[in-house]
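Trainee: Now for the letters of each chain:
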Amino acid sequence: DGGITQSPKYLFRKEGQNVTLSCEQNLNHDAMYWYRQDPGQGLRLIYYSQIVNDFQKGDIAEGYSVSREKKESFPLTVTSAQKNPTAFYLCASSPSTVQETQYFGPGTRLLVL
Amino acid sequence: GQNIDQPTEMTATEGAIVQINCTYQTSGFNGLFWYQQHAGEAPTFLSYNVLDGLEEKGRFSSFLSRSKGYSYLLLKELQMKDSASYLCAVLSNDYKLSFGAGTTVTVRA
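Chain order of the listed sequences is A and B. Under this note's numbering, the residues of the first sequence are numbered 1 to 113, in order. Under this note's numbering, the residues of the second sequence are numbered 1 to 109, in order.
Don't take each hint at face value.
[Unchecked claim] In silico PhoX-like links for lysine-lysine, alpha-carbon gap of 25 Å or less: (1) B/K96 with A/K71; (2) B/K57 with A/K9; (3) B/K96 with A/K70.
FYI, nobody ran anything at the bench for these hints, they're computed from the structure.
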């Protein structure tokens, strides 16, 4: 089946630790996105990538890093510099960035121990 | 910056109709999306409007007025499974999606 997968479903981070969230898609989409969702707030864009080996910062990129070495994969690293990482993280993809519907993965909930 | 407003909560009875309004002020406009999100799950695409008017898709319809910066999502013949959060999102000139905070709809028997 075609779709977007994210793993793990739940992730626990200790203070000072970097953690990486996985996002994979087999839809052959060029564009991929990472959003953060907090209660009572809209989804906020962290990073996005329009093509392999290229990515741009979104609205809240500080404390996060990404890579796009393969078309189907767009992992997000939450670094120790992100002081408030507890949130629901959603990955999305679209055929391109121009007027295209974004399709979302199931999400990863990150909790700080 | 982008400003997208929608009501926080709405409650309606099974079988009724509910209209969720969304107003926006964004840097440019390249379309408006509505997504449905059940608690703890991924948003799923409902509709896309780029021209003024009404788009109907089964029990769900979406309306857009670009001159007024206004859209609504109409849910007809409400079912219990329609209890969810509904997200309004605008694609701006830089082709980034900006989301409203979402409207939680509760359907009561």
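Trainee: Please go over all the hints and tell whether each is borne out by the structure.
Mentor: Structure-based check of each hint:
1. A threshold of 25 Å between alpha carbons decides the hint, and for B/K96 with A/K71 the separation of about 19 Å falls inside it, so the pair holds.
2. The suggested pairing of B/K57 with A/K9 is violated, with an alpha-carbon distance near 32 Å, which exceeds 25 Å.
3. Taking the CA atoms of B/K96 and A/K70, the gap is about 22 Å. The hint holds against a cut of 25 Å.
In terms of the numbered hints stated before, the structure departs from hint 2 and from no other.
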